[in-house]
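Q: Listed here are the chains, written in short residue letters.
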Amino acid sequence: MNETILHDKKIIDVVKYRWVWFGLSLLLIVPGLVAMAYSVIKYPTHFPVKVGIDFTGGTITQYTVPDNVSNNEMGKIRTNLEKAGIENPVIQVLKSNNAISKANDKKNNIGAIISIKTAFQSNDKQSEQKIATVIKQDYPEAELVQVSSIGPTLGSELFKNSMFALILAFVGIVAYLTIRFQLDYAVIAMLSLAHDALFVLGVFSILGILFDVHIDALFITAVLTVIGFSNHDTIVVFDRIRENCRFLAKKASFPEIVNASVNQTLARSINTSLTTLITLIALYLFGGETTKEFVFAMIVGIAIGTYSSIFFASTLLDWWREKQDKASKSGGVSKPREGAVA
Amino acid sequence: MKNKKIMFWAIMLLVIAAVIVILHKPTKLGLDLVGGSRLILEAQTTETIAKITPEMMDSLQYAIENRVNALGVAETNVQQIGEKRLMIEIPSIKDPAKAKEFLGETAELEFKKESQGFNGVTSWVSTGLTGKDVSKALVSTSNNGQWVVSLEFKPEGAKKFGKLTQELVGKQMAIFFNGEMQSAPVIQEPILGGHAQISGGDSGFAYEEAKKMVDLINAGALPVPAKIIEESLVGPTLGADSIEKSKTAGIIGISLVMLFMLLYYRLPGLIADMALIIYSLVVFAIFKIVPVTLTLAGIAGFILSIGMAVDANILIFERTKEELRSGRTLFTAINAGFDRAFTSIFDSNMTTIITCVILYFLGTSIIKGFALTLVIGVLVSMFTAITVTKNFMHLMFGAGQLKHPGWFGLRQSDIGKAYEVQETKREKAKFGVLD
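Listed in order, the protein sequences are those of chains A and B. Going left to right, the first sequence walks through residues 1 to 342 as our numbering numbers them. Going left to right, the second sequence walks through residues 1 to 435 as our numbering numbers them.
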């Protein structure tokens, strides 16, 4: 048998530098964890990330205006709203992808979207009218484009459901992998998914503190997609390890097999992530404002997912096998070094 | 080879069918794309109603449907979610604030009489005559030219009303709507004809007021009080803008991916691009057949599934290249490439399907849309990657040795350099290896 791949000098020795990867992973995740802890302590909602009205309840009213809105003007809108009797309005201005909307729709040009967040208003049409009056006064061309209003009980219910979905998805994936592979593959795949989910949450926690970014129901979808995608990557690598174990188990050690497998799947891992990132970046740059944060979460997640499946999951698997090996040797039971059997 | 040709024409037939479906069926677009209003009403328990029963929900839905229809907008949708909620979708609505007000009101019409309390305080008490006894309401004008609401009672109601007016001659009878007193005329004589009028008191009704009351009475009171717990409204301009932008983003994204595949994988890349076009057509046709209501999140799910469809092709090509490097013939390399890549494709897609199913059953409507488009995309991508790409590859390359490694983006010197795997007898038979 030709075992060039095992001794090829060009291949990346992922196993040898595993402490570098573990260190790098820590470096990527710890700042996010710190930010999450800070958020939990500091903010009244006590969530690791800033959560939007989807989870807390509230009303967001959005108007489009033809031109951009400066910070000064934003302040003015806030004072006017407060004067009109709206309590604690939060104003945000979303800039539009001008070039595109101008080219396609000269008449209804959207320069910016003014977004006003207030407490939940259910059948209270008064405050809706108050907001409309204040906005129309300064921006006669403003057009009401979006209202989302979510009751506080529904918000917390949504949050619970989302968390439940997230946990159930994890359990489902682990169960499937345990059946198709082995329990330790499944547990490590899950750790790698947790690694990715924590990183994405961390990034949004930091963004929340620095730029007041709030997460919504779509964000949970993004995290779930990232988990699915990263799992794709991890499975492809593990599948290769499993296959190589069948053919090479007698000739090569487990670390060698892991190295070979990672390198054999490297081109695929990078190309797949690249093509997905291309579509996502196109969505980010040219897509609608409302899905921007959603797309951004996926870009961050898919990038980290690719990293984790190449460097984190595979080396963790090798480290775990090595520890098990040592344990069984010191225990006097000689367990044959074997790969997973499909 | 004959089988391959039959397969090819079967695929072409599928493409034609997909194109016909796409051309003839309309796309169902979500409210966030066409603009419109979505409300979620929750039935509220009260002192008298301790539990919301399914029957109550059915009659609530019926009452709400009547009201929504009174708005005169096409393609509305009223649907029960869970045990005590109703979702109402009204596309392209002009005055959403008014609709909201209109739908949330209990609209209970009650006729009340005065009653002396034990300490001399008078209060209004129910007479048992309510909006349920009314068969029809109309806007009309009174003798002095004011807008009034004319009521026509059902036979049973007319009897009740007659008896009541007989009893109350010379006294006041008040008409309450939504708990608010509208007017309290003094009954001059018994009214037996089964007709009554509600005037707006001294100030009278504005036409809109009278019209709204008429619509609400005709649609029927809500059997249980309901509260709006979620509202989302999207204006038509923003919807159109979102469609435009998603289209642009989708086209740019797909074009770049296709270019990348062509440059990196050469001829197989071209095949993957063709498979991708077929994939998009089939998925889009399925969206129209099901029909899937396309929302922004749904479009995101679709674009993501394109990524996964391409992934299947990349996995296969990388594997095929490896097999070619080890010196296999084209036919066996392609077969082995597909076969070896299949477990990866299958396992990874299965986990995506698992997540999607969970999301579909637990998620909110936004998340549901995303999960549905993604799962359709993943299932179709398994089909196109395996069937379409493989068929095209075989037809294009045929059997024999690889004469032009450049077609695959390989160099002649690469061949024979890769590791070689041993295959079992079964695998040999499967890949078509001849010893």
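It should be emphasised that the hints constitute simulated quantities derived from the structure, not laboratory data. Any given hint could turn out to be false.
To be verified - For each label pair, taking beta carbons as the anchor points, the in silico distance ranges come out as:
(1) B:Leu71 <-> A:Ala119: 52 to 58 Å
(2) A:Gln324 <-> B:Val357: 30 to 36 Å
(3) B:Ala184 <-> A:Lys136: 51 to 57 Å
(4) B:Asn77 <-> A:Leu94: 27 to 33 Å
(5) A:Gln324 <-> B:Asn77: 34 to 40 Å
(6) B:Ala184 <-> A:Ala132: 52 to 58 Å
(7) B:Ala74 <-> A:Ala37: 26 to 32 Å
(8) A:Leu94 <-> B:Thr106: 21 to 27 Å
(9) B:Asn119 <-> A:Met163: 53 to 59 Å
(10) B:Phe118 <-> A:Ala132: 33 to 39 Å
(11) B:Phe361 <-> A:Ile41: 33 to 39 Å
What the hints assert, rightly or not - With a straight-line cut-off of 25 Å between C-alpha atoms, the simulated BS3-like cross-links for lysine-lysine are:
(12) B:Lys227 <-> A:Lys117
(13) B:Lys51 <-> A:Lys292
(14) B:Lys227 <-> A:Lys160
(15) A:Lys130 <-> B:Lys247
(16) A:Lys50 <-> B:Lys84
(17) B:Lys28 <-> A:Lys117
(18) A:Lys292 <-> B:Lys247
(19) B:Lys28 <-> A:Lys136
(20) A:Lys130 <-> B:Lys98
(21) B:Lys84 <-> A:Lys160
(22) A:Lys160 <-> B:Lys28
(23) A:Lys292 <-> B:Lys5
Claimed, not checked - Going by beta-carbon spacing under 7 Å, a handful of chain A positions derived as facing chain B:
(24) Gln92
(25) Ala142
(26) Leu144
(27) Ser149
(28) Met163
(29) Ile167
(30) Val171
(31) Thr221
(32) Gly228
The beta-carbon is built from N, C-alpha and C at its ideal position, and this holds for glycine as well.
Q: Does each hint fit the structure? Answer for all of them.
A: Verification of the hints:
1. B:Leu71 <-> A:Ala119: 52 to 58 Å: Once the Cβ atoms are compared, 28 Å apart, the range 52 to 58 Å for Ala119 of chain A and Leu71 of chain B is violated.
2. A:Gln324 <-> B:Val357: 30 to 36 Å: Given about 34 Å between the Cβ atoms, the range holds.
3. B:Ala184 <-> A:Lys136: 51 to 57 Å: 39 Å, violated
4. B:Asn77 <-> A:Leu94: 27 to 33 Å: With a Cβ separation near 29 Å, Asn77 of chain B and Leu94 of chain A satisfy 27 to 33 Å, so the hint holds.
5. A:Gln324 <-> B:Asn77: 34 to 40 Å: Given range 34 to 40 Å: violated, Cβ gap about 56 Å.
6. B:Ala184 <-> A:Ala132: 52 to 58 Å: 35 Å, violated
7. B:Ala74 <-> A:Ala37: 26 to 32 Å: 52 Å, violated
8. A:Leu94 <-> B:Thr106: 21 to 27 Å: 38 Å, violated
9. B:Asn119 <-> A:Met163: 53 to 59 Å: This hint holds: roughly 56 Å between Cβ atoms.
10. B:Phe118 <-> A:Ala132: 33 to 39 Å: 50 Å, violated
11. B:Phe361 <-> A:Ile41: 33 to 39 Å: 35 Å, holds
12. B:Lys227 <-> A:Lys117: With Cα atoms ~21 Å apart, Lys227 of chain B and Lys117 of chain A stay inside 25 Å; holds.
13. B:Lys51 <-> A:Lys292: 42 Å, violated
14. B:Lys227 <-> A:Lys160: Given pair Lys227 of chain B, Lys160 of chain A holds - Cα atoms ~21 Å apart, limit 25 Å.
15. A:Lys130 <-> B:Lys247: 36 Å, violated
16. A:Lys50 <-> B:Lys84: Not satisfied, since the Cα-Cα distance of roughly 30 Å exceeds 25 Å.
17. B:Lys28 <-> A:Lys117: At roughly 30 Å apart (the allowed maximum being 25 Å), Lys117 of chain A and Lys28 of chain B break the hint.
18. A:Lys292 <-> B:Lys247: 15 Å, holds
19. B:Lys28 <-> A:Lys136: It is violated: about 33 Å lies between the C-alpha atoms, which goes past 25 Å.
20. A:Lys130 <-> B:Lys98: 15 Å, holds
21. B:Lys84 <-> A:Lys160: Holds, at roughly 18 Å.
22. A:Lys160 <-> B:Lys28: Status violated; Cα separation ~30 Å.
23. A:Lys292 <-> B:Lys5: 45 Å, violated
24. Gln92: 15 Å, violated
25. Ala142: The hint is violated - Ala142 of chain A has no Cβ within 7 Å of chain B, the shortest such distance being about 11 Å.
26. Leu144: OK, holds: Leu144 of chain A within 7 Å of chain B, min 6 Å.
27. Ser149: 4 Å, holds
28. Met163: 10 Å, violated
29. Ile167: Check failed: Cβ of Ile167 of chain A comes no nearer than 10 Å to chain B, outside 7 Å.
30. Val171: Status violated, d = 9 Å.
31. Thr221: 5 Å, holds
32. Gly228: 4 Å, holds
In the structure shown, a violation is registered for the earlier hints numbered 1, 3, 5, 6, 7, 8, 10, 13, 15, 16, 17, 19, 22, 23, 24, 25, 28, 29 and 30, in ascending order.
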